[in-house]
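> Line by line, the protein sequences give chains A and B. For reference, each letter of the first sequence is one residue, going 1 to 599 in this note's numbering. For reference, each letter of the second sequence is one residue, going 1001 to 1249 in this note's numbering.
Some clues are possibly wrong.
[Said to hold, decoys possible] For the chain B half of the interface with chain A, some residues (derived, Cβ under 10 angstroms), not all of them:
#1 Gly1016
#2 Phe1020
#3 Phe1045
#4 Leu1100
#5 Pro1119
#6 Val1121
#7 Trp1198
#8 Thr1204
#9 Phe1234
#10 Asp1235
#11 Trp1237
#12 Leu1238
[As the list claims (entries may be wrong)] Covered stretches of chain B (chain A as the covering partner; in silico rule of three or more C-beta atoms under 8 angstroms from a C-beta of chain A):
#13 1022 to 1035
#14 1079 to 1093
#15 1167 to 1178
#16 1217 to 1228
Derived from the structure by calculation, the hints contain no laboratory data. None of these values were measured; they are calculated from a predicted model. Ideal Cβ placement from N, Cα and C applies to all residues, glycine included.
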Amino acid sequence: MSTTTVGSHAAAHTREPNGALTFLRTYVFSIDHKVIGVQFLFSTLLWFVVGGLLALAVRWQLAWPWSEMPLVGRMLFSAEGGQISPEFYTMLVTMHASVMIFFVIIPILAGAFGNFLIPLMIGADDMAFPTLNMLSYWFMWPAFVCMIGSFFVEGGAAAAGWTGYPPLSSVRSAAPGSHLGQTLWLFGLIWVGVSSMMGSVNYMTTIIQMRAPGMTMFRLPMTIWAMFITAVLQAFALPVLTAALFMQLTDRLLGTGFFVPEGLIVNGESAGAGGGQPLLWQHLFWFYSHPAVYIMILPAMGMVSDMISCFARKPLFGYKPMVYSIAGIAGLGFIVWGHHMFMSGMNPALGMTFMVSTMMIALPSAIKTFNWLGTIWGARIQYTTPMLFALSFVSMFIIGGLSGIFMAATPVDIFIHDTYFIVGHIHYVLFGGTAFGVFGAIYFWFPKMFGRTMNEFWGKVHFLLSFIFFNGTFFTMHILGTTGFPRRYADPYHFEIFAPTQTLNQFMTICALGMGASQLIFVANFFYSLFYGPRCGRNPWHANSLEWQAPSPPGHGNFDFQPVVHRGPYEYSSPHAAEDYFPQTDPPVEGEGQAQHGH
Amino acid sequence: MGKFWSLLFLLVPILGVLCFALAPLSGYWLPPDISEHGYKIDHLFKFCLYLTGVVFIATEVVLFWFMWRYDGRTNRDPVKFSHGSHNLEIIWTIVPAATLLFIAIYQMNAWADAKMRTPNVPAIVEVTGRQFEWRIRYPGPDGELGTEDDIHGVNDLHLPVNEQIVLNLKSMDVLHDFFVPQLRIKQDAVPGNKIPMWFTARETGTYEIVCAELCGWGHYKMKGRLTVESREAFDAWLKQRAAEQKATQ
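All chains, full assembly: derive it from the sequences and hints.
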């Protein structure tokens, strides 16, 4: 049994016996995982607003191209008469995706929820390396500065797409954003990578070393399993991206030409000696960025599993298959990157190999979906806000998963590659999936984070509007994709075949604006509840996992007792318990053992 | 409220199916296919659509039904205290695995035809992407590219109908992508590489060439025109272009 006692380790040394910490050490340069988690949460939510506004600007242009943006147009683009320029449009699509992926989704899952939940859910007093943990947050700040700053440098922000494909990205004369903006983008991503790597090392160590007595690996909640496997993915995939980022950086700054062929001339300017291959970047980039797609959804899957089991008042269906399918997704995730490159000029025989592995990765996702459905079968569902978001995750993930099959089918991909079909697909996975999962997780763990509950009524209104407007915005994208409508076009309507789609695009933009506006309800609810929400006890949802046994919010060191674990986290409605939940710390009852291992 | 939420979730499959049923009727659909190989792609698209459609409807309806039936407010049955079912896990692992493997194998031939089995005919034209236009080059009377009598053009591609075309795709600067929706062809143009594309156009007419890979601020306006015409018209056009070119030299 690989459990260890809860040691105070490093954390104890930095905390004085009387617990008095300066304001700076408590709230700013804190080494407490909960404070760091909340810092990540606030930062990423702020970036969520930025990324969302960028998206709305993209939508504005697609619905009413070259028309003056209401309210903010004159202020932002006075030189262009209040309209978005095509140069700025490419920056919008690039920065929307970059911000959402690297500054919102990855850090909100690992940084905010990973940090906050891992020690609490495994019964530890903090992370294994608290100082490293603090640094993982503060290393995000140089990245923040790079990204924001890039909008104000000559030529503007990076404009080569979030995928940063050379030579567009690496040759200065290729695009306005390929001046200083692209360099700052590369530095920004390198800093994010440093932060992620610090987090990842810490999460793996903490989960392996610091579990409470009795907390075996197969008694871990799915959230922790997902965080653990995600951390492993990060640790193995990230170095490749970092290397690629540095290579592009030296291509740009030192003329190394890793990704630039010989004798290339762009816009009348020589791109240097060259001798490289643009496809090399794509291989390196996707070697990280495809596993990153799973880094962006596995933790949400874990959290959703916990919420669904809790509000179904029923054990998670197929706990071990769920764990194995996460591991399966992670493993297969390393050999599917080539499906982003079916049309790239990569050897088509290699494409066929990637097609087969890509088809097979749908399998573990299917297994997970069936097990979620199995969990609510025969349940007594409580329709709370977090449960609604968790169920919508399942519903939306079904769409996102199934639409992936179209792209994986290589001949079909010939038509839909780089059209709005793929844009719809990714948003069903990352918004309908991950973002809805994250909203659910915020409503679910908010009481633990701040000791108060969020308003349920307004939470449901937020859910209802988000759900409707989300589908209005993104389901239609599949239809748009079937017309061949290409992505990253500032104005597709001068093409005869795309001109009729403008009405559809206007409908989508109206829905997107509605979705943006609905988030104001969430913001208001969040901040109101932070100060005036009703106080809650330790376990407002009557959940089983360890964090609900700690005070709300937990103080330094988390638990005011030594948690000892006697069972898995999903013993809801157990015949051995008096209530319909059975906390992991409750002492064992007679005859319980058989029931537990009886599946 | 459980019933209300269940019905909201039921809207997903209903409206989803409705959307895909109405889209072709209202013209938002795959553009008419004018290629010889395109039917394979369209067939696979519809195959995926029906297959995923069935899974989509089944899972979403089950989700709805469980949400409706097992609403904690109305369901008086005791919770089924179950940790899973070994048999079910086996079934829902093997069935999707076999289905996915079938889809994988089923499509291989179409892919090989489209991208691997290069026909043994010389390239009729070379298309080179450049910010933000398509440069077209035909071999002149000597039948060879790279000689003085090459015929050059910009954004104006002519091809004969009902003939096996091989087109060499290149890029002068950044990545581009040669996409003609009605021909069901798409291929990235990569600087430093020469990538062959092949197809047979079966209907005369003019079609738009779309750049489908972000190539800079003018990506959206990188539009070419493809004219598919009879062999005679094509030869005449080529001759006329050659004459025009000679006159300006």
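> Would you say the segment 1022 to 1035 of chain B counts as covered by chain A, given the rule of at least 3 residues with C-beta under 8 angstroms?
Held - the segment 1022 to 1035 of chain B has 6 residues with a Cβ nearer than 8 angstroms to chain A, which meets the minimum of three.
> Under 10 angstroms, Cβ to Cβ, is where phenylalanine 1020 of chain B needs to be relative to chain A, so tell me if that hint holds or is violated.
holds, 7 angstroms
> Close enough to count: is the Cβ of phenylalanine 1234 of chain B nearer than 10 angstroms to one in chain A?
With a closest approach of 22 angstroms, the phenylalanine 1234 of chain B hint is violated.
> Verify the interface restraint on aspartate 1235 of chain B: the C-beta must sit less than 10 angstroms from at least one C-beta of chain A.
Since chain A brings no Cβ nearer than about 27 angstroms to aspartate 1235 of chain B, farther than 10 angstroms, the hint is violated.
> Are leucine 1100 of chain B and chain A close enough, Cβ to Cβ, to be under 10 angstroms, as the hint says?
Leucine 1100 of chain B check passes; min Cβ-Cβ to chain A is 5 angstroms, inside 10 angstroms.
> For the hint on threonine 1204 of chain B, just tell me whether its beta-carbon gets within less than 10 angstroms of chain A.
violated, 16 angstroms
> Can you verify the interface hint for valine 1121 of chain B: is its Cβ closer than 10 angstroms to any Cβ in chain A?
Violated: closest Cβ of chain A sits about 19 angstroms from valine 1121 of chain B, beyond 10 angstroms.
> Holds or violated: the segment 1217 to 1228 of chain B covered by chain A, criterion of 3 or more residues with Cβ-Cβ distance under 8 angstroms?
Check passed, 6 qualifying residues.
> Return the status of the interface hint for tryptophan 1237 of chain B: holds when the least beta-carbon distance to chain A is below 10 angstroms, violated otherwise.
Given a least distance of 21 angstroms, the restraint on tryptophan 1237 of chain B is violated.
> Does glycine 1016 of chain B meet its interface restraint, that is, does its C-beta lie within less than 10 angstroms of any C-beta in chain A?
Where the cut-off is 10 angstroms and the nearest Cβ of chain A is about 6 angstroms from glycine 1016 of chain B, the hint holds.
> Against chain A, run the beta carbon of tryptophan 1198 of chain B and see if the smallest gap drops under 10 angstroms.
With a minimum Cβ separation of about 12 angstroms from chain A (threshold 10 angstroms), the hint on tryptophan 1198 of chain B is violated.
> How about leucine 1238 of chain B: closest beta carbon in chain A under 10 angstroms, or not?
violated, 25 angstroms
In terms of the numbered hints stated before, the structure departs from hints 5, 6, 7, 8, 9, 10, 11 and 12, listed from lowest to highest.
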